[in-house]
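Chemist: So you can see what is in the structure, the chains are spelled out below.
Protein chains: 2
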Amino acid sequence: MIAATIGADEPAKETEQRFTMRPIGWIRKAEGKTRIVLDKKYQPGLLGVDKLEEIWVLYWFDRNDAPEHRNVLQVHPRGDPSNPLTGVFATRSPKRPNLIALSRCKILSVEENVIEIDRIDAFPDTPVVDLKP
Amino acid sequence: MIAATIGADEPAKETEQRFTMRPIGWIRKAEGKTRIVLDKKYQPGLLGVDKLEEIWVLYWFDRNDAPEHRNVLQVHPRGDPSNPLTGVFATRSPKRPNLIALSRCKILSVEENVIEIDRIDAFPDTPVVDLKP
Chain A
84 MIAATIGADE PAKETEQRFT MRPIGWIRKA EGKTRIVLDK KYQPGLLGVD
134 KLEEIWVLYW FDRNDAPEHR NVLQVHPRGD PSNPLTGVFA TRSPKRPNLI
184 ALSRCKILSV EENVIEIDRI DAFPDTPVVD LKP
Chain B
84 MIAATIGADE PAKETEQRFT MRPIGWIRKA EGKTRIVLDK KYQPGLLGVD
134 KLEEIWVLYW FDRNDAPEHR NVLQVHPRGD PSNPLTGVFA TRSPKRPNLI
184 ALSRCKILSV EENVIEIDRI DAFPDTPVVD LKP
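Just so you know, the sequences run in chain order A and B. When you line the first sequence up against this note's numbering, it's residues 84 to 216, in that order. When you line the second sequence up against this note's numbering, it's residues 84 to 216, in that order.
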């Protein structure tokens, strides 16, 4: 046996790693209110969220899920050409390799699978991927 | 044409959405130092990160990427049975439907594709999926 032999058991290269996420819910906007509506099956995960005043909402920039947006590595912040070119990892740009967005939101109420929040800078029906205290 | 006809153009159900991420880099620990080593191809995305004092590091709990961990919706925080059962979205548990971790880290230096940070509560070689100011 030669230790360096490349065989079927060779682990995948790190650069070939892929991570898959599913939506746990969606941002809904109606009647002047902003809500995170969880997929019913994830409702048990909300136990205790009603005791929090604020929550981190992690969501997916689904409108940008195309190679031309995901290959962007530098932007003029806020789309203003007078702002110097900046690496996406130093900005909150919605164009970036992994389209995760992060917002701190105030919790107004929690009822069953629905969290009402004060506001969020996201399009209606944007998929939510995680919530954290 | 009947508007309600279900055809090939029917959009996928929201619950069937899937989002794929790739690592942009990995957490390396050696010689008492903690570094985020970016895949070289993402280095242009770091332009301006050297001007920040702190950064949000989003990483993937890759050791838990199995259905038995991703199906967990309630935990005893910090694994202590005396802590009341709590929904994962009210905790920082590494068992959750989407295995994203979030840490605020102090930047010590940025050189080429390497960011030295003060510390991070993650295993060595954990994949990093995003950085935000």
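Read the hints as simulated data drawn from the structure, not as lab findings. Check before you lean on any hint, since a few could be wrong.
Which copy is meant is left open, so a pair is good if it fits within one copy or across any two.
Unchecked claim - Computed list of lysine to aspartate or glutamate pairs in DMTMM-like fashion (alpha-carbon distance at most 20 Å, straight line):
1) Lys215 <-> Asp204
2) Lys189 <-> Asp208
3) Lys134 <-> Asp204
4) Lys124 <-> Glu151
5) Lys134 <-> Glu194
Since the structure is predicted, the reported quantities are computational estimates derived from the model, not experimental observations.
Chemist: It remains to establish, for every hint, whether it holds in the given structure.
Modeler: Cross-check of the supplied hints:
no., hint, result
1, Lys215 <-> Asp204, "both (18 Å within a copy, 16 Å between copies)"
2, Lys189 <-> Asp208, "within (19 Å within a copy, 34 Å between copies)"
3, Lys134 <-> Asp204, "neither (24 Å within a copy, 25 Å between copies)"
4, Lys124 <-> Glu151, "between (34 Å within a copy, 16 Å between copies)"
5, Lys134 <-> Glu194, "within (12 Å within a copy, 42 Å between copies)"
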